[in-house]
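S.K.: Chain by chain, the residues run as shown.
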Amino acid sequence: MKYVDEYREGIASGKLLELIHKLTRHEWTLMEICGGQTHAIVKYGIDELLPSSITLVHGPGCPVCVTPLEIIDKAVAMAGLKDVIFTSFGDMLRVPGSTKDLFTVKSEGGDVRIVYSPLDAVRLARENPNKKVVFFAVGFETTAPANAMAVITAHREGLRNFSILSSHVCVPPAMNKILSSPSNRVQGFLAAGHVCTVMGYDEYFSIADKYHVPIVVTGFEPLDILQGILMVVTQLEEGRYEVENQYRRAVKRKGNIHAQKVISEVFELTDRKWRGIGEIPLSGYRIREKYSAFDAEKVFQVGGLTASESTMCIAGLILQGVKKPSQCPAFGKLCTPENPLGAPMVSSEGACAAYYHYGRRIPRSN
Amino acid sequence: MSDEPVDLSTGLSCPLPISEYKRILLAHGGGGRLTNQLIKSIFLTVFNNSILSSLHDGAVFDIGSTRIAYSTDSYVVNPIFFPGGNIGDLAVNGTVNDLAMCGADPLYLSVGFIIEEGLLIEDLVRVVEGIERAARRAGVSIVTGDTKVVDRGKGDKIYVNTSGIGIVFEGVDIKPQNVRVGDKIIISGKIAQHGISIMSVREGLEFGTTVESDTAPLNHLVKSILRVTKNIHMMRDPTRGGLASSLNEIAEAANVGIFIIERSIPIDEEVKSACELLGFDPLYVANEGKMIIVVPPSEVDIVLNIMHNHPLGRDAAVIGEVVDSHHGTVVMKTRIGGMRVVDMLTGEQLPRIC
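Protein chains in written order, with the working numbering: chain D, 310 to 675; chain G, 23 to 376.
Excised from the complex, chain D in its bound form (with noise of 0.2 Å):
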């Protein structure tokens, strides 16, 4: 396939991988921010290739993963009320709540339905005016534009049966987070290039200064991670912390302009819960006042739900890079894809989903 094979390519790739391992001489410990890398990563065995020095350790970067709870459970609620059609990205059907997933909700009468684009739930909302539709609007700065696009359309078009349960979260306030706390160990960063399509990466320079790391855009390919990798490396062992950008195909220093005017169109910053972290501040979008008749939580009243989490899983210290999914005392056997212990089991972007898909829980020869 022209411009993806090109990035999955045998020979190339192991020219980096030499490159990483004759360059490398010291210790590191990387951490990519986004769920599609680390994806990648274990999918294609990158991590195994490396030399042993480096560690890759998997950031807060699944959306399904640090939606918090309460928001589940708001969804959970929505989706079960009569007149209503939920719709969702495929992944947070299974994300279970505090006392059942979308699925479940599915499967007892409510109308819940997967669909690829937010404005498929507009689409919805316009052919069912006798329906609320309320699309739950979770992500990074990555799915921002297109929810408040959809807002805009519906706003446009004067539709009263849309909204959106929104649990949007930023990037750079978590890696702020996790860079300041005592037990971090991550060295360097590989950024996620998607949410700097949209962002550019200006926010970065103060992160990588204050807390001396370097920082590149990395994309999602197994080439891109391979020399993203290389990128940060090369730093360490110069001793330098700069931003770099290994993404220049996609990603420009300033960004999207038009798609970040659109977000700061429909939402504002707020501080926010993300699940497994706690609450970071001014690190969420949520709807602007002139646009809260689309926001659901304000249309439908479902507030007032206090939501349990089990003790077992460590999520919270997956999500921050402190502990990788292997070291869980859960992974694989109390806490599967069938029965998952937390979100990031569940989600297509999670680490521990990643681990148990492609094995790592099962020692292997060949």
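Rather than coming from a laboratory, the hints here were simulated on the basis of the structure.
Some clues are possibly wrong.
On the chain D side, residues computed to face chain G include the following (Cβ under 7 Å) [claimed, not checked]:
id, residue
1, E315
2, R317
3, G319
4, K324
5, L332
6, S362
7, L591
8, E647
9, H666
10, Y667
11, G668
Small disclaimer: the values here were computed from a predicted structure and weren't measured.
Ideal placement from N, C-alpha and C gives every residue a C-beta, glycine not left out.
Following the hints, put chain G in place on chain D, whose structure we already have.
M.R.: The following block gives chain G in isolation, referenced to the frame of chain D:
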């Protein structure tokens, strides 16, 4: 990775587990792990008998001195018409292939219809013509049938069930337990075409593609192979759940390891692009006219030669082998040389694909 103890007191936030679903989810019909759970915990327990518990594509048993293969399958595909076929073709080919995978020559089929009130007669005729066309191509006869109609809204246009019987070829013994370390694994052609053709016309997802379903009867190809060698250890058609699920089933049933090489798996460029776009792994996307065939190394060239000269096996390729490690598990060498386990799907990647 170290085995240091984890301090759970600092572990944060996770929900209580949902250990057992109280109702059936769509994923229970997806062919993955939840389907397997259902089969093992309910059907096998209740219907407990030795023929069923072999969990092959069809049942194989003797009546008098004749070895019979018997199989049944229901079709709920949505939409009922798709590029390359319709629910009727699919229903015939599916059962024909299940019988063929037992090393049998399929002979007679039954067809049962559950029709939703309001279905256009014209659409029913197209489905029935599809059945007739597929039966003629496979060389089987439809010898009995049934029709039921349910209220509008209580079904989805039409569901079709087929059952079939065939006679197992003399001297042929195909079952997972025959798989041996060192055996080679062959796939008969390009994977993931059926699933992608369905998705391309699925409501809300329509995208432009020329990918057609690969629905086809494999019995003639199987017959040609068995005519040349009976030394075949295992055959399976990787339908729902795709290549990955079938290989996992074989690895588990035979208690062997399966090792495959990503680079050697045939796949169409357009299918690959569509999978990329939809976020699907083609290893898990359904096929309806492909077979996995596990043979001793001595038979590889003979079998490949036959396959390459048959229209349904033109792109056949060796994709891996049976190994004496990681028992019950499929491991794949990735394009860049790393290793990963190819797991069984938990739920469904695509609901109602057949």
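S.K.: Against each hint, give a clear statement of whether it holds in the structure.
M.R.: Hint by hint, here is what the structure shows:
no.: 1; hint: E315; verdict: violated (11 Å)
no.: 2; hint: R317; verdict: holds (5 Å)
no.: 3; hint: G319; verdict: holds (6 Å)
no.: 4; hint: K324; verdict: violated (11 Å)
no.: 5; hint: L332; verdict: violated (19 Å)
no.: 6; hint: S362; verdict: violated (14 Å)
no.: 7; hint: L591; verdict: violated (21 Å)
no.: 8; hint: E647; verdict: holds (6 Å)
no.: 9; hint: H666; verdict: holds (5 Å)
no.: 10; hint: Y667; verdict: holds (4 Å)
no.: 11; hint: G668; verdict: holds (2 Å)
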